[in-house]
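Work the whole structure out from these sequences, hints included.
Listed below, chain by chain, are the residues.
There are 4 protein chains.
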Amino acid sequence: MAGNTFGTLFRFTTWGESHGPAIGVVVDGVPPRIPLAEPDIQHWLDRRRPGQSRYTTQRREPDEVKILSGVFEGQTTGTPIQLMIENVDQRSKDYRNIADRFRPGHADYTYWKKYGIRDYRGGGRASARETASRVAAGAVARKVLGAGITIRGALVQIGPHAIDRGAWDWAAVEENPFWCPDRKMAARWADYLDQVRKAGSSAGAVIEVVASGVPAGLGEPVYDKLDGDLARAMMTINAVKGVEIGAGMAAAALTGEENPDEIRMKDGTPVFLSNNAGGILGGISTGQDLVVRFAVKPTSSIPKPLRTIDADGNEVEIETHGRHDPCVGIRAVPVGEAMMACVLADHLLRYRAIGGSV
Amino acid sequence: MAGNTFGTLFRFTTWGESHGPAIGVVVDGVPPRIPLAEPDIQHWLDRRRPGQSRYTTQRREPDEVKILSGVFEGQTTGTPIQLMIENVDQRSKDYRNIADRFRPGHADYTYWKKYGIRDYRGGGRASARETASRVAAGAVARKVLGAGITIRGALVQIGPHAIDRGAWDWAAVEENPFWCPDRKMAARWADYLDQVRKAGSSAGAVIEVVASGVPAGLGEPVYDKLDGDLARAMMTINAVKGVEIGAGMAAAALTGEENPDEIRMKDGTPVFLSNNAGGILGGISTGQDLVVRFAVKPTSSIPKPLRTIDADGNEVEIETHGRHDPCVGIRAVPVGEAMMACVLADHLLRYRAIGGSV
Amino acid sequence: MAGNTFGTLFRFTTWGESHGPAIGVVVDGVPPRIPLAEPDIQHWLDRRRPGQSRYTTQRREPDEVKILSGVFEGQTTGTPIQLMIENVDQRSKDYRNIADRFRPGHADYTYWKKYGIRDYRGGGRASARETASRVAAGAVARKVLGAGITIRGALVQIGPHAIDRGAWDWAAVEENPFWCPDRKMAARWADYLDQVRKAGSSAGAVIEVVASGVPAGLGEPVYDKLDGDLARAMMTINAVKGVEIGAGMAAAALTGEENPDEIRMKDGTPVFLSNNAGGILGGISTGQDLVVRFAVKPTSSIPKPLRTIDADGNEVEIETHGRHDPCVGIRAVPVGEAMMACVLADHLLRYRAIGGSV
Amino acid sequence: MAGNTFGTLFRFTTWGESHGPAIGVVVDGVPPRIPLAEPDIQHWLDRRRPGQSRYTTQRREPDEVKILSGVFEGQTTGTPIQLMIENVDQRSKDYRNIADRFRPGHADYTYWKKYGIRDYRGGGRASARETASRVAAGAVARKVLGAGITIRGALVQIGPHAIDRGAWDWAAVEENPFWCPDRKMAARWADYLDQVRKAGSSAGAVIEVVASGVPAGLGEPVYDKLDGDLARAMMTINAVKGVEIGAGMAAAALTGEENPDEIRMKDGTPVFLSNNAGGILGGISTGQDLVVRFAVKPTSSIPKPLRTIDADGNEVEIETHGRHDPCVGIRAVPVGEAMMACVLADHLLRYRAIGGSV
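Protein chains in written order, with the numbering used here: chain Y, 230 to 587; chain V, 230 to 587; chain E, 230 to 587; chain U, 230 to 587.
Simulated from the structure, these hints should not be mistaken for laboratory data.
Treat each hint with caution, since some may be false.
Pairs of lysine-lysine residues, derived as DSBU-like cross-links and limited to a Cα-Cα distance of at most 35 Å, are as follows [said to hold, decoys possible]:
hint : chain 1 : residue 1 : chain 2 : residue 2
1    : E       : 427       : E       : 413
2    : E       : 495       : U       : 533
3    : Y       : 372       : Y       : 413
4    : E       : 295       : V       : 372
5    : V       : 372       : U       : 372
6    : U       : 372       : Y       : 295
7    : E       : 372       : E       : 495
8    : V       : 533       : V       : 372
9    : E       : 413       : V       : 295
10   : Y       : 372       : E       : 372
11   : Y       : 533       : Y       : 427
12   : U       : 413       : U       : 295
13   : U       : 413       : U       : 372
14   : V       : 533       : Y       : 495
Here are a few chain E residues that face chain Y, going by a calculated C-beta distance under 7 Å [said to hold, decoys possible]:
hint : residue
15   : 260
16   : 263
17   : 578
18   : 581
19   : 582
20   : 583
21   : 584
The beta carbon of each residue, even a glycine, is placed where N, CA and C say it ideally should be.
Here it is in structure tokens:
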């Protein structure tokens, strides 16, 4: 329980540092006889892979996944699935000059305080590189969920620029390097991020992940509520500072009449007239779309001097000139999707255990 | 793992329905030889107790706690501590007329979908009454944390009315029925909530919980990050729809220069020049104040007609005339504090396990 | 994870000391809509209750169970079930004279070393009284398993006197105070235990628990094997020093030809020609009878002087004159049955989670 | 929780099949700043490695371990340690002819019933090859325990031939291929096993593992007792059918006077006058030697015809001519030691969490 494991029945454990020989994930609890091959996982890793546009880090990692166990003759066997990704472009020397200074906004200081040791090579375990393992686990989770459940993510805000929700088009998400559902805003973000990068700064973002086709009944009250698990799932992604379900923080300002999602019948099925609940009531899915949002802070590594201290307690300055994302939030979209998939796969199996027929 | 347990080493399990004979909590993992008596717990329960002002439900529950195990001659023994609170004012008949209709915004529909059964007596297990057990557990957690760590909560927004953070005074929190740190806003909220109640409506709220004196080093990367556990802890409180750490959702709009909390030395100790991180970097506490906020939606039970369906799929309307809080967020303050205490106690013990000397 | 919880999906947490106001258990993870009432549980508690013959302790405990939560209108609701048993016959004064001496063979010394505190009232949490909570949880587990699975226990050895397995008759088990399946041996044990008691001594025992009707497929390799969980389940019962599955320790002396249970078909169903495996291969049930045995050491509290030390490190002697079982193994039979039921219920739910249709 | 994880704080997850590309283990929860390098682990793997004498399988596996994460500049970092062992000598073709027949005494049948799929290559996940991962984890556990705790194993019985405990000499254990502490018996076992192999049969064994230097206070009552965890640990090793602590099954026949280990003082320290308890009372270590024994059944794969069925329900016979150990119990000695080390490391960390200073 040192914290590298997520999930109860669909349960994965990640390992590896950004500059070690490899990273990976053991996925346990996968039901048997599910078709699974490396391309099924590679597909999702490719979406997260860095270096695909000028808006993400230029670190070149092929992020090629290997299945080392748990699959036999093209099917899951019910035994643990080990997925390994070798690190290729490590270039640790980039980090030597900052090895004894704590980068503000990074985990350098807290790891050093907690463990009395510091893996200065790109953040070690605290690096966002770890999220590749999440995406690999998420690919397996999608297989467990099956084709009836669709999980899609989008970027809805970069810096202060939020999309026009009325212009939302899922098709647009695949057309721009930002996973932006609002075509006009995508163009604006391109300009904005070019400025940000030129200014040696960085930008935060808000990601929204939506799961459709989720049956009612997933989620375990009281402490393993579906929203509780989603909140934890998203908050543990690097740089996330806030998580919202449905109306989110704005729910505080709704009136008692506005907030409840009223229900009518349509073709013999209950339909909700709104979705302030984000598809969850009492910690259990309602059958509506699940809607989760999370905010990612701006990349903390910037090429401008910031005041900090070193391991000996000297006041120093630090500039970070490595290859970093001007907006880490962009690459967080596939990660958020993956975490949603993992949480749902876990709760699907848990629901089955008590007789739920999904 | 059906979801009624929280924590890894400091670990509690709650039980009981709003209208059963009693509710309670088993707290396991408490170190031995900690002085503990019923008044230590009662003190915190009294702060959450309903019926203390006209702004909370008029249900009269003394919420008297009994220690049934785990304490001997005034000290914890290291064995599980059972805390029981008998339900006194049950009045189930209030609920008979809504027994087969799903209250919008409530868990009625999802429990019924999941379990095929409905405890219509005030929400049963989904009732906010369960949070009394959390407060009891939190009282024990405070004892584990010791006097050096202070946990305080405040209401920072009701409906659309947010406090002036510049006017923050912790002393004010104890002087008004809203736990409001801004005296002027407290007066305004009183008027606002009177209107809301007269209008047969309800209001949401935002709660902020701050822990001071927390040592650096608490939190287990990657999936048991301190902020991940806090997010889950708060999101599982009834009616919560969003959770923020430090700058929260607003972090998305900060620039790369604004966001990182720079560090200087003061009297031989590192000091951060801001706290956008909310006291957590890489999932581990920095030693700064921990700052968590969460939004509570407006009470869903209102005396106005809402469109819904019944268990047979008929379209009906529902009005709820029971005794409900016009703003459930008020009573969520002690609950948020309790959850903060429980998360910290758990991580304190976990840190000790690997040799951390706190 | 302080150790008072057992099970993964069917999961219970016990609490309470032998001389506190009450003991009990929270059973979580029970599927909804299972009929359950207090007599369903009381039936099994009555079988374990002390004072039913002269061969068990004369402590008088009615062991009356109350359901405090999780059941509504006669059915489980899917929420945690709190079962409480009030302690009636506490007589703590019996223990005052031994309060600072460590009884050899008891947990006095280790609790004191571990916790630095000692609940001298009859062993506190280490008392076999805790097993009443296990029996209560086991009664719920039987309901989860349904009528198709039968769990029966028997005493197969007291002191050096083992039964004649050829004389095994399950009907006999209900006819004597020893749960002995061999009528002749039951008579012999009666004489033997009378002698033992007169001599101020005590006797050990071996219990065998058999589950019939268990479907193939229960058990999770590699560390949650069915036999691994059963071994832990039985070994955690007070005074147990050995656990065997099927042929048990004797398996070491079998030849490679004798040991494997060969398979034939009968009426279209696989049948095993022997059961050295005790119904488990590779940690998974085969569909044969599950057979578990465990050895219980003689009652450590005897009215004869034993050499020990006190809390100050003085060499002293101790005699225990309280009301104790001459053979604690007798009352361990219903406890072993209960633990078998709980392990099976847990694995049944776990099997369902991956699609197993049981 | 699909069963491939062991431990609470010192926690490892194994993965890999006997005939896949690799096997391995993620060890999580290791405290930081412990010196660790591959030779520290290789040392123990070499003791388990097959092909070292004519009494073990002739499969040639170098079992070379690689540390892929969690160690930086020769020290543990507090992050998960991935240990990988590539499979070299796979020769799956050996198994083709038995691919659709269930080997009696093996997990073939139960895996097929549970998962509806069968990895016929040498047992897949059910193969004893998995135990190499346990030995690797155990090597890390020994580092966590430190030099003050010694864990040694020995074979005390092969087939019907038990050692003379009076002749026990730990030095002898390293001198013969059986880890036998009784030199005379080692010679006799050599003859016996030669006969067994010539006869196309196999033999069972009993292993004893002893831990010295274990401080009093390890173990968490009630369900995470040290003996309960040890029982589970040993019972989950392939082919184990019985586990004993201290006097074990024989405790049943001891008298009430013989069984309790009396206590005296020696040089200011408590000393027990016997060790029937095997170093554990009430689930907590006493400070005496911990003594655990377990029985391993004879190798089920023998070159003689056994009656069985195939996947289509036909009655068939099967002979297994692969390279198998005539007595798998021999190689179980280092595995038993490893599991003891892992259980102790876990409880050491757990004890520290509540303030125990070990």
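Hint-by-hint comparison with the structure:
1. 427(E) to 413(E): holds (22 Å)
2. 495(E) to 533(U): holds (24 Å)
3. 372(Y) to 413(Y): holds (34 Å)
4. 295(E) to 372(V): holds (31 Å)
5. 372(V) to 372(U): holds (34 Å)
6. 372(U) to 295(Y): holds (31 Å)
7. 372(E) to 495(E): This hinted pair holds, its Cα atoms lying about 30 Å apart.
8. 533(V) to 372(V): Not OK: residue 533(V) and residue 372(V) at ~44 Å, beyond 35 Å, violated.
9. 413(E) to 295(V): violated (51 Å)
10. 372(Y) to 372(E): holds (34 Å)
11. 533(Y) to 427(Y): Judged against 35 Å, a Cα distance of about 11 Å means the pair holds.
12. 413(U) to 295(U): Not satisfied, since the Cα-Cα distance of roughly 39 Å exceeds 35 Å.
13. 413(U) to 372(U): Roughly 34 Å between the alpha carbons, so the hint for residue 413(U) and residue 372(U) holds.
14. 533(V) to 495(Y): Holds, at about 23 Å.
15. 260: holds (4 Å)
16. 263: violated (10 Å)
17. 578: holds (4 Å)
18. 581: holds (5 Å)
19. 582: Holds - the Cβ of residue 582(E) comes within 7 Å of chain Y, reaching about 4 Å at its closest.
20. 583: holds (4 Å)
21. 584: holds (5 Å)
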